[in-house]
Amino acid sequence: MTRTERSPAKTGTGNRTTRLLGAGALVASAGVLYFGLVTTPADEVQGDLVRLIYIHPAVSTMAFVAFGVTALASLLYLYPRTRSWRWDRLAGASGEVGVVFCALSLATGSIWGRPAWGVWWTWDARLTLTALLCALFVGYLALRRTGGGAESRAIRSAVAGVLFAVVVPIDHFATEWWRTLHQGDTLATLHPKIHGSQLWTMLLSFIAFGLIYAWLMFHRTRLEQLESRLENEGLAYALAARRAEGAPSEPESGPETAPVSGPEAAAVSGSASGESTEAAASAGLQS
Amino acid sequence: MWRDAALIAGKDLRIEARSRVATNQVAPFAIIVLVLFGFALEPDRSFLQTAAPGLFWVAVLFCSLLAVQRSFAVEAADAAGDGLRMSGLDPAGIFLGKAAAVALELAALEALLTIGIVVFYSTALTGAALLLATAAVATIGLAACGTLYGVLAAGLRVRETLLPLLILPVVAPVLIGATRAWEVALGQSLDDGWKWVTLLAVFAVVYVTLGVLAFGTLLEEA
Numbered sequence: 419m420t421r422t423e424r425s426p427a428k429t430g431t432g433n434r435t436t437r438l439l440g441a442g443a444l445v446a447s448a449g450v451l452y453f454g455l456v457t458t459p460a461d462e463v464q465g466d467l468v469r470l471i472y473i474h475p476a477v478s479t480m481a482f483v484a485f486g487v488t489a490l491a492s493l494l495y496l497y498p499r500t501r502s503w504r505w506d507r508l509a510g511a512s513g514e515v516g517v518v519f520c521a522l523s524l525a526t527g528s529i530w531g532r533p534a535w536g537v538w539w540t541w542d543a544r545l546t547l548t549a550l551l552c553a554l555f556v557g558y559l560a561l562r563r564t565g566g567g568a569e570s571r572a573i574r575s576a577v578a579g580v581l582f583a584v585v586v587p588i589d590h591f592a593t594e595w596w597r598t599l600h601q602g603d604t605l606a607t608l609h610p611k612i613h614g615s616q617l618w619t620m621l622l623s624f625i626a627f628g629l630i631y632a633w634l635m636f637h638r639t640r641l642e643q644l645e646s647r648l649e650n651e652g653l654a655y656a657l658a659a660r661r662a663e664g665a666p667s668e669p670e671s672g673p674e675t676a677p678v679s680g681p682e683a684a685a686v687s688g689s690a691s692g693e694s695t696e697a698a699a700s701a702g703l704q705s
Numbered sequence: 291m292w293r294d295a296a297l298i299a300g301k302d303l304r305i306e307a308r309s310r311v312a313t314n315q316v317a318p319f320a321i322i323v324l325v326l327f328g329f330a331l332e333p334d335r336s337f338l339q340t341a342a343p344g345l346f347w348v349a350v351l352f353c354s355l356l357a358v359q360r361s362f363a364v365e366a367a368d369a370a371g372d373g374l375r376m377s378g379l380d381p382a383g384i385f386l387g388k389a390a391a392v393a394l395e396l397a398a399l400e401a402l403l404t405i406g407i408v409v410f411y412s413t414a415l416t417g418a419a420l421l422l423a424t425a426a427v428a429t430i431g432l433a434a435c436g437t438l439y440g441v442l443a444a445g446l447r448v449r450e451t452l453l454p455l456l457i458l459p460v461v462a463p464v465l466i467g468a469t470r471a472w473e474v475a476l477g478q479s480l481d482d483g484w485k486w487v488t489l490l491a492v493f494a495v496v497y498v499t500l501g502v503l504a505f506g507t508l509l510e511e512a
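Chain order of the listed sequences is S and C. Residue numbers in the first sequence follow our numbering, run continuously in steps of one, and reach 705 at the last position. Residue numbers in the second sequence follow our numbering, run continuously in steps of one, and reach 512 at the last position.
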């Protein structure tokens with residue numbers, strides 16, 4: 419088992435890259451807002467409703483990209499030669515961000531569908547598939563939060579992540595055949611001609627949401643890293659703090675000098691019940 | 291591998307035969323689900339007749355959850371799972387055996403549920419070949435998929451609540467495919483029923499293969 423645990427120098431989740439990404443995302447979003455709401459024309463048929471194409475397609479695409487990254491990272495974690503905690507964290511972070519984007523995609527789709535189709539929801543093949551995916555990944559996130567040993571949890575969720583890659587094509591055919599039997603693909607017929615400025619704004623929205631995805635991913639993977647550090651080192655940290663409390667006259671054997679050997683600490687928290695270790699650690703850190 | 295599978299399947303089926311959980315609890319549950327659908331929907335016979343394939347397969351899905359949970363609950367008791375891991379049996383064989391036992395239990399439940407929809411929903415059974423072929427591939431798919439997710443959630447404290455959340459979205463294609471195929475067989479739809487059987491067969495093959503490949507890893511972690 420290769421464990422490439424590297425402790426970050428500081429405890430924050432931001433750095434120069436994330437700040438640059440964040441600034442870029444803000445600027446791009448502002449651009450999308452301005453072009454999307456002010457300069458681009460309203461559609462002849464759909465009116466202002468058409469402005470949702472500056473959010474919805476980009477958000478949906480990002481959701482699928484995020485799920486794809488989860489499946490790929492899970493596969494890389496399972497493959498012995500590339501097994502690294504980095505892939506586990508990436509899979510988890512991408513799954514979480516993906517669920518957010520997927521929920522946003524369903525929500526914006528509903529908001530568009532209500533005035534355009536007259537219903538909040540229709541059993542369109544693509545809609546059904548997106549909803550199924552959302553449910554699948556909510557299950558995946560639940561699986562990631564089950565506690566227990568870090569390694570066992572990582573393997574379970576990696577297998578689940580890879581399984582999704584297999585499920586999605588089957589779901590695709592099932593929903594496609596099921597619905598095309600009753601009605602045509604509603605979405606395909608409703609794509610109107612796109613003007614030049616609309617196309618550029620739409621492209622900008624893809625950039626904006628791509629940057630937001632990247633920014634969220636950086637922060638989320640770092641957060642996962644810190645969480646696993648808390649799991650591994652938290653108990654030792656808390657013990658050192660208690661010892662320091664018990665012997666006030668002794669020179670400060672501060673938390674800085676607490677034994678922070680990653681693998682051993684992980685082995686402890688892996689074999690003992692991870693939940694109680696974590697609870698003790700966080701209780702210790704809070705007081 | 292096949293001998294190990296037969297051993298495990300025999301063991302699980304013997305446990306079921308002796309404990310009578312399947313016959314005394316799961317089977318009555320299946321019938322109650324059918325009756326509840328009758329309460330919830332218009333008890334007008336023609337409506338229930340139209341909905342019968344879908345209701346049948348929803349009931350089968352619920353039963354498959356119980357069967358899978360049961361299949362891994364017997365391993366959780368008295369550290370039987372540790373015995374299984376140390377038995378030296380081929381993990382792929384263990385997977386196939388457990389899935390086969392679940393599939394046979396489901397097949398028996400499906401036979402019971404079929405009598406149920408004939409009696410309660412006045413369904414006239416037609417297109418026997420398509421009905422049976424659909425039931426066979428769907429059952430294998432459900433059992434394989436259920437067993438794989440069963441071991442994925444085994445050993446977790448939250449497995450009872452986590453398992454339905456994991457399995458139900460995954461088996462959605464089985465519900466869609468089996469329901470459509472049965473509608474065709476029962477003369478309610480002019481779709482190509484065998485197309486759905488193919489999809490169900492692909493589902494079954496994919497999950498049996500994945501189970502054979504991944505079960506060993508997951509069993510170690512359970």
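It is worth saying that the hints were derived from the structure and are not from the lab. Some clues are possibly wrong.
[Stated by the list, open to error] Reference excerpt, derived from the structure (chain C facing chain S, CB under 8 Å, subset only):
| no. | residue |
| --- | --- |
| 1 | Ala423 |
| 2 | Pro463 |
| 3 | Thr507 |
| 4 | Leu508 |
[Unchecked claim] In silico contact screen, one side only, chain S against chain C (beta carbon under 10 Å); selected entries:
| no. | residue |
| --- | --- |
| 5 | Ala446 |
| 6 | Gly465 |
| 7 | Arg469 |
| 8 | Leu551 |
| 9 | Tyr558 |
| 10 | Arg563 |
[Said to hold, decoys possible] Coverage of chain C stretches by chain S, computed from C-beta distances (three or more under 8 Å per stretch; other residues unrestricted):
| no. | stretch |
| --- | --- |
| 11 | 439-449 |
| 12 | 491-497 |
Just so you know, even glycine gets a beta-carbon here, dropped at the ideal spot from N, CA and C.
Structure-based check of all given hints:
{"no.": "1", "hint": "Ala423", "in the structure": "violated, 17 Å"}
{"no.": "2", "hint": "Pro463", "in the structure": "holds, 4 Å"}
{"no.": "3", "hint": "Thr507", "in the structure": "holds, 6 Å"}
{"no.": "4", "hint": "Leu508", "in the structure": "holds, 6 Å"}
{"no.": "5", "hint": "Ala446", "in the structure": "violated, 33 Å"}
{"no.": "6", "hint": "Gly465", "in the structure": "violated, 36 Å"}
{"no.": "7", "hint": "Arg469", "in the structure": "violated, 32 Å"}
{"no.": "8", "hint": "Leu551", "in the structure": "holds, 8 Å"}
{"no.": "9", "hint": "Tyr558", "in the structure": "holds, 8 Å"}
{"no.": "10", "hint": "Arg563", "in the structure": "holds, 9 Å"}
{"no.": "11", "hint": "439-449", "in the structure": "holds (count 6)"}
{"no.": "12", "hint": "491-497", "in the structure": "holds (count 3)"}
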